[in-house]
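Below, each chain spelled out in residue letters.
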Amino acid sequence: MTPTLVGRIQTRWFLVLAVGVPWTAVVSLALPGASLGDVYAATFTAILLVAVLGVGWELIYHALQQFRWDKDWPTLLGLLTGINEGALIYLLLRAGVPIDVGPIDTTAFLVHFASVWTLVWLATNGPMRVVFIRWRFRGGRLI
Amino acid sequence: MSDEVAPPAATGESGPTAPRADLPEALIAGSAWSEPMLGAEGIPIVDSPFVTVGGGLGSLAMADVLRIAGVPASDIAVLTDIARPDESYRHVASNSQISDGERLRSDSGSVMDNIWAFPSYAIREAVSDRTPKPVWQSLTEPLLSEYFTPRSGQVYASVGREADRIGWEAMRVGGHVRMVRRRLGGGYFALLTPPAGSAPTRRVAYRARYVHVAVGYAGHKFLPDLQKYRDTYQDLRRVVHAYEQHGHVYEEAERRPVTVLVRGSGIVASRVLQRLIDDRDATGARTKIVQLFRNYVDGPQGERATFRRPGGNGFAFQAFNLPKAAWGGQVREQIAGLEGKERADLVDHLGGTSTVPRRAWRAQLARGSREGFYEQRVGRVSSVAPSVDGRSVVTTVALSDGSEETIEADFVIDAAGLEADLTEHRLMADLIEHSGVRTNQRGRLDVEPTFEVRGGRNEPGRLYASGSMALGGHYAAVDSFLGLQYAALRIADDLAAQGHCARIGVRRSIAQWLRWVRNRPA
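Chains A and B, in that order, are what the protein sequence lines are.
Residue numbering for the first sequence is 0 to 142, as defined by numbering that gives the first Met the number 0.
Residue numbering for the second sequence is 0 to 521, as defined by numbering that gives the first Met the number 0.
One thing to keep in mind: the hints can contain errors.
[To be verified] Taking CB as the label site, the calculated pair distances span:
no. : chain 1 : residue 1 : chain 2 : residue 2 : range
1   : A       : GLY101    : B       : PRO299    : 28 to 38 Å
2   : A       : VAL54     : B       : GLY339    : 30 to 40 Å
3   : A       : VAL25     : B       : ALA501    : 33 to 43 Å
4   : B       : ALA359    : A       : LEU141    : 47 to 57 Å
5   : A       : PRO31     : B       : ARG514    : 43 to 53 Å
6   : B       : ILE27     : A       : LEU141    : 42 to 52 Å
7   : A       : LEU141    : B       : ALA496    : 17 to 27 Å
8   : B       : ARG361    : A       : ALA86     : 33 to 43 Å
9   : B       : ARG236    : A       : THR117    : 55 to 65 Å
10  : A       : VAL25     : B       : ARG361    : 43 to 53 Å
11  : A       : ALA86     : B       : GLY311    : 33 to 43 Å
12  : B       : ARG361    : A       : THR105    : 40 to 50 Å
13  : A       : VAL54     : B       : ALA501    : 27 to 37 Å
[Said to hold, decoys possible] Anything over 10 Å on all C-beta distances counts as not near chain A; from chain B, calculated:
no. : residue
14  : ARG274
15  : LEU398
16  : GLY401
Keep in mind the hints are simulated off the structure, nothing from the lab.
The C-beta atom is built at its ideal place from N, Cα and C for all residues, glycine as well.
Full structure from sequences and hints, please.
Next up, the structure:
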């Protein structure tokens with residue numbers, strides 16, 4: 000991947016919408032929780048945070064990328080950054096930020112977050128290039 | 000990200016001074032031709048809306064994208080003097096010691112036969128070799144492993160498959176193209192000389208609204224001192240070019256102990272060094288290698304931490320011939336925003352001579368230094384002459400400390416990778432002289448971001464160029480696998496804007512990809 004800052008943000012938002020939202024709607028059905036409403040509140044808040052906090056993360060990644068001669072973002076980093084992002088979101092949800100979604104089931108959070116993250120990561124490493132033929136030449140920019 | 004070896008897309012007749020046979024003066028001198036002018040000379044006219052001249056990988060990328068954009072094969076003519084699109088590339092790669100099993104300096108995602116780069120070369124190699132290793136490597140590159148790079152044989156085989164899929168044979172027309180001239184009334188004529196005896200007339204004019212030129216570079220050039228040596232002493236055996244056939248050097252090195260002087264420090268030099276050392280290991284050759292550096296890189300280059308290229312032991316290291324983001328990231332955008340000298344300076348800085356920091360190569364050289372069969376020298380050559388007994392070549396070098404040293408070698412391999420000037424190519428010289436096309440800072444064709452050649456427009460016609468002839472433009476990586484594909488896509492988009500073909504949108508892209516997967520015609 001050789002993303003630009005704008006490309007990073009656009010791709011993240013697009014994939015949260017195109018992959019994260021439908022997947023969350025489906026996978027939440029199988030997750031434990033007091034009610035489906037509670038589960039949805041937790042999972043959708045989590046992916047909302049992926050989209051919103053992600054802008055900040057992308058700024059950091061973009062800054063780090065400047066220290067790479069190739070100005071690229073290795074595939075593996077795209078996967079591993081799920082760890083720091085997931086951890087932050089988990090802590091925030093437990094602290095009731097941005098809204099109180101009740102007690103957080105750690106296993107449910109892990110299954111949901113890890114599956115969303117992996118699907119988004121897989122999509123950036125193949126399918127996106129098929130759907131948007133110019134996407135990879137434009138640093139991940141869609142518009 | 001693509002290919003190090005930058006071979007010509009087509010060999011072509013080159014040299015502006017080559018005779019033009021019996022072409023009448025009226026045609027030679029006329030900057031624009033008309034149908035009656037050609038008719039008077041008995042030159043038949045064949046219509047094709049789109050002509051691509053070259054027939055190598057640049058033409059393949061172009062035809063591939065156009066076919067995906069819905070242009071029928073019957074509306075594309077590929078004018079070429081080679082049989083298959085990978086032929087010229089393969090020839091030069093093989094000379095520079097990249098056999099079919101060796102890996103290119105090209106990214107897993109620069110998939111010549113698949114504009115989507117999915118599945119990548121790594122995935123395909125994993126499937127064909129039944130091993131997860133290539134996928135693991137491309138997943139962890141360049142952090143935990145070296146970049147995955149495809150074997151050249153894999154590239155050639157898949158290019159062949161794609162050429163067949165898009166109907167290459169139906170589009171291909173054999174022959175030399177020496178001239179592309181404006182047509183009075185718009186568009187162009189490409190004058191083709193078919194192979195002798197294959198056509199009823201000596202020449203055929205292709206009348207096209209759009210012409211794409213991807214003829215590769217004009218040829219290789221020796222370092223000036225080596226060219227002078229070859230001219231003066233007519234010794235074409237001991238002083239050779241890495242891009243040309245020089246198998247006799249390795250054969251002789253197997254028979255008897257020889258000293259080989261390698262000039263240059265880029266990827267081609269690395270490959271030559273590898274071959275020489277591999278032969279020592281495999282055949283027991285006792286070759287001594289001296290490598291002469293003009294600019295010795297003794298560590299990372301660049302004052303700022305955000306602009307510093309790794310390097311050491313004489314070499315500048317980068318995985319590909321430009322930073323990876325030059326193909327599709329922030330470096331591409333940065334270069335695209337510049338013009339003229341500013342752009343040329345930046346590209347020189349980002350490109351320039353470099354090689355891949357492959358562990359195996361570095362280990363070989365370290366062992367060579369330890370065991371004394373590999374030595375490095377740094378300096379400028381002041382003269383090259385035969386030894387007194389005429390059995391070797393003596394290179395006199397002015398060292399950096401002001402002293403002089405002579406290096407006696409049985410063979411000198413020029414691996415500096417110099418390319419001949421644009422005007423050495425007959426078609427290019429003709430375009431510049433008669434069609435008003437402009438050249439850029441780097442002496443190549445000056446192209447728009449759409450790869451339209453500046454100064455070459457003949458309404459409603461357009462003239463496009465990609466590959467080595469278009470270097471120095473807004474897209475620095477144009478002479479690479481992925482660069483050729485990028486250029487083809489930009490050209491196709493420009494044609495779509497003129498209504499010539501469909502713009503490849505989401506639906507078409509997915510549908511065409513599915514056809515590719517099933518190996519169905521585009």
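Range hint 33 to 43 Å (beta carbons of VAL25(A) and ALA501(B)) holds or violated
34 Å, holds
(message) 28 to 38 Å was suggested as the range; check whether the CB atoms of GLY101(A) and PRO299(B) agree with it.
(response) Cβ of GLY101(A) to Cβ of PRO299(B): about 52 Å, so the range 28 to 38 Å is violated.
Practice prompt. Note whether the CB distance of VAL54(A) and GLY339(B) lies within 30 to 40 Å or breaks it.
Written response: 36 Å, holds
For ALA86(A) and GLY311(B), compare the CB-CB distance with the range 33 to 43 Å and indicate the outcome. Holds, since ALA86(A) and GLY311(B) (Cβ atoms, about 37 Å apart) stay within the stated range.
### Task
Please settle this one: ARG274(B) was flagged as non-interface, so is its CB more than 10 Å from every CB on chain A?
For ARG274(B), whose nearest Cβ neighbour in chain A is about 27 Å away, the distance exceeds 10 Å, so it holds.
Is 27 to 37 Å right for how far apart the beta carbons of VAL54(A) and ALA501(B) are?
35 Å, holds
Go ahead and decide if the range 55 to 65 Å is satisfied by the Cβ distance of ARG236(B) to THR117(A). 59 Å, holds
Query - Given as non-interface: GLY401(B), partner chain A, CB spacing beyond 10 Å - result: 34 Å, holds
**Report entry** Cβ distance range 33 to 43 Å for ARG361(B) and ALA86(A), holds or violated
**Finding:** Since the Cβ atoms of ARG361(B) and ALA86(A) sit about 38 Å apart, the hinted range of 33 to 43 Å holds.
A cut-off of 10 Å on Cβ-Cβ distance, and LEU398(B) was said to be off the interface with chain A. Does that hold? 30 Å, holds
Given the hint of 43 to 53 Å, is the C-beta distance from PRO31(A) to ARG514(B) inside that range or not?
44 Å, holds
Quiz item: For the pair ILE27(B) and LEU141(A), does the Cβ-Cβ distance stay inside 42 to 52 Å?
Solution: 51 Å, holds
Hints 1, 4 from the list above are not met by this structure, while the remaining hints are.
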